[in-house]
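*Asks:* Take a look at the letters that make up each chain.
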Amino acid sequence: MTVARTEKLPVQTSEDIVKVRQAVRAWAVQLGFSLVDQTKIVTAASELARNTVIYGGGGTVELESLLEPRRRGLRLTFADQGAGIANTEQALKDGFTTGNGLGLGLGGAKRLSNEFEIHSQPGAGTTVRITRWT
Amino acid sequence: MERIPILKMGPVLLVSIQVDMHDQLALTLQDDLTDRIVKTHARSVLIDISSLEVVDSFIGRMLGNIAAMSRVLDAETVVVGMRPAVAITLVELGMSLRGVRTALNVERAMEMLQVASANGHAAMGEGTDDRRPD
Chain E
1 MTVARTEKLP VQTSEDIVKV RQAVRAWAVQ LGFSLVDQTK IVTAASELAR
51 NTVIYGGGGT VELESLLEPR RRGLRLTFAD QGAGIANTEQ ALKDGFTTGN
101 GLGLGLGGAK RLSNEFEIHS QPGAGTTVRI TRWT
Chain B
1 MERIPILKMG PVLLVSIQVD MHDQLALTLQ DDLTDRIVKT HARSVLIDIS
51 SLEVVDSFIG RMLGNIAAMS RVLDAETVVV GMRPAVAITL VELGMSLRGV
101 RTALNVERAM EMLQVASANG HAAMGEGTDD RRPD
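Just so you know, the sequences run in chain order E and B. Take the first sequence: its position 38, counted from the start at 1, is 38 in the working numbering, and no numbers get skipped. Take the second sequence: its position 133, counted from the start at 1, is 133 in the working numbering, and no numbers get skipped.
All the pointers check out, no bait thrown in.
A few chain E residues facing chain B, derived, Cβ under 7 Å:
#: 1; residue: S14
#: 2; residue: V18
#: 3; residue: L35
#: 4; residue: T43
#: 5; residue: L102
#: 6; residue: G105
#: 7; residue: G108
The set of hints was computed from the structure by calculation and includes no laboratory data. For each residue, glycine too, the CB sits at the ideal point set by N, CA and C.
Sequences and hints are given; from them, build the entire structure.
*Replies:* Given below as structure tokens:
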């Protein structure tokens, strides 16, 4: 697997969430994603970016385009230095939220991705990495 | 402040969302619409989302809230023109927009609303409803 291109964007404000959506869309189009796949990864990115802003107190996202002989992928890594998640398994359940949301963000982002990883510790921030392949 | 315009067409309030909304803009629209329903005595709200390339859980929740609030204020909401890729993604995300009426296009939505208001009249009796000066 080759990482063809990377870019890091700030995820601090509600306007940044819009910018992340737009950047992820542009990358997905360039990688040749179908319209449905574009929509899925952009929507997953929107959910995770909002979590980064609301629960993580802001952070960053790194975009990476991945090239393999038979497929291309888009990997997104959201990282924050916020309070962290004590129980990631519980946080992935639909309907679970510590805020005002619907509790669909994390589980929904997982369903909309091909690969999903979450690393978090209380007090040490959260990193969520998703990948979607063509 | 940036706002989504709300047009009044007879008893119908028409909103066409043409921009990628950040969260605050969506919340402002929700507030503006409830205000306008009360001020104009509107019976219906038609929200055209055919320009929206992404509906995430936040926008989905806003649509549900608008539908619920307008119902409490004796108006009916119809969401119009959702793109197929958006519909697929929204359901996979875990939102089926229960309680939100949808129509494929504005024409179908207007038909739906006319039928609904005709039935409403039959049930209440013509002339008993002084909220319909339009």
